[in-house]
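*Asks:* Sequence:
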Amino acid sequence: ALVAAACGVRVVKSGSRAHTARTGSIDLLDRLGAPFATSFDQASRHLDTHGIAFTGPFVYPVQLARLALLAVPTPMRVFGRFLNT
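Okay, so the sequence shown: first residue is 1 according to the working numbering, each after it adds one.
Everything labelled a hint here was simulated from the structure, so no lab data went into it.
Careful, some of the hints might be misleading.
[What the hints assert, rightly or not] 16 Å max Cα-Cα, derived EDC-like pairs, lysine to aspartate or glutamate:
hint, residue 1, residue 2
1, K13, D41
2, K13, D48
3, K13, D27
4, K13, D30
Because the structure is a prediction, the values reported are computed rather than measured.
Please construct the entire structure, taking both the sequences and the accompanying hints into account.
*Replies:* Set out below in structure tokens:
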């Protein structure tokens, strides 16, 4: 995502706090001091200014947040790994 944004591609990257790992992508952004959008308007401004916007879990419906907390593997989890690479 960072390389694509550096090449001029507008990128919206989603992330979340840690659930099963020690650190989630939003946790890492916090530690690095990188801004992440907390609303759609803010994400749009970040895209216009920087060419990349990091979004928090506000972009997901509640049902997907609950699905992420499941301990059993689901097709969504397997497919999501491919989308994230």
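*Asks:* Hint by hint, say whether it matches the structure.
*Replies:* Against the structure, the hints:
Taking the CA atoms of K13 and D41, the gap is about 15 Å. The hint holds against a cut of 16 Å. Annotation: proposed proximity of K13 to D48 holds, straight-line Cα distance about 14 Å (limit 16 Å). For the hint pairing K13 with D27, the CA-to-CA distance comes to about 14 Å; that is within 16 Å, so the pair holds. Taking the CA atoms of K13 and D30, the gap is about 15 Å. The hint holds against a cut of 16 Å.
Of the numbered hints stated above, none is contradicted by the structure.
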